[in-house]
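Trainee: Position 84 (the sequence shown) corresponds to 84 in the UniProt record's numbering; numbering is contiguous.
It should be emphasised that the hints constitute simulated quantities derived from the structure, not laboratory data. Yeah, the Cβ is synthetic: ideal placement off N, Cα and C, and Gly gets one too. Treat the hints with care, since some could be wrong.
[What the hints assert, rightly or not] Across the chosen pairs, the derived CB separations fall in these ranges: (1) Gly-58 x Ile-12: 14 to 22 Å; (2) Phe-81 x Leu-54: 30 to 38 Å; (3) Ile-12 x Pro-65: 28 to 36 Å; (4) Ala-67 x Tyr-45: 20 to 28 Å; (5) Ile-38 x Lys-73: 20 to 28 Å; (6) Leu-54 x Pro-22: 28 to 36 Å; (7) Ala-9 x Leu-54: 16 to 24 Å; (8) Leu-50 x Gln-20: 32 to 40 Å; (9) Ile-27 x Trp-5: 33 to 41 Å; (10) Trp-31 x Leu-54: 32 to 40 Å; (11) Leu-16 x Ile-38: 28 to 36 Å.
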Amino acid sequence: MRMKWLSIASGIVLVLGILQWPYGYYILLRWIIFISSIIIAIDFYKSKFLSWTLIFSGVAILFNPIAPIYLNKSTWIVFDFISACLFFVAAHSHRRKQ
1 MRMKWLSIAS GIVLVLGILQ WPYGYYILLR WIIFISSIII AIDFYKSKFL SWTLIFSGVA
61 ILFNPIAPIY LNKSTWIVFD FISACLFFVA AHSHRRKQ
């Protein structure tokens, strides 16, 4: 149940990231998505969902705040939207497996 809510909350943070915010929001967004992606990837790994594990490992790499990837705003909008969709689908997948 916690993974479902973590996925939904992360998806909402990403959808909000599409809007115009101060730079500090995007720093916080990177940390939130990085940490939640790792937690969700580990949960999927424990549940033997290798494809989901790889997907969320990739999301963690993309949003890594320690070694950040710098892209322009229009590119980040696309990645934010796609990642939000992944988190929302993962929330549904977590619900099905419980």
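Trainee: State for each hint whether it applies.
Mentor: Going down the list of hints, with the structure as the test:
1. Gly-58 x Ile-12: 14 to 22 Å: 20 Å Cβ-Cβ, so the 14 to 22 Å window holds.
2. Phe-81 x Leu-54: 30 to 38 Å: Given a distance of about 20 Å, which is not inside 30 to 38 Å, the answer is violated.
3. Ile-12 x Pro-65: 28 to 36 Å: violated (19 Å)
4. Ala-67 x Tyr-45: 20 to 28 Å: The hinted range 20 to 28 Å holds for Ala-67 and Tyr-45, with Cβ atoms some 22 Å apart.
5. Ile-38 x Lys-73: 20 to 28 Å: holds (25 Å)
6. Leu-54 x Pro-22: 28 to 36 Å: holds (33 Å)
7. Ala-9 x Leu-54: 16 to 24 Å: holds (22 Å)
8. Leu-50 x Gln-20: 32 to 40 Å: The hinted range 32 to 40 Å holds for Leu-50 and Gln-20, with Cβ atoms some 37 Å apart.
9. Ile-27 x Trp-5: 33 to 41 Å: violated (23 Å)
10. Trp-31 x Leu-54: 32 to 40 Å: 22 Å Cβ-Cβ, so the 32 to 40 Å window is violated.
11. Leu-16 x Ile-38: 28 to 36 Å: violated (21 Å)
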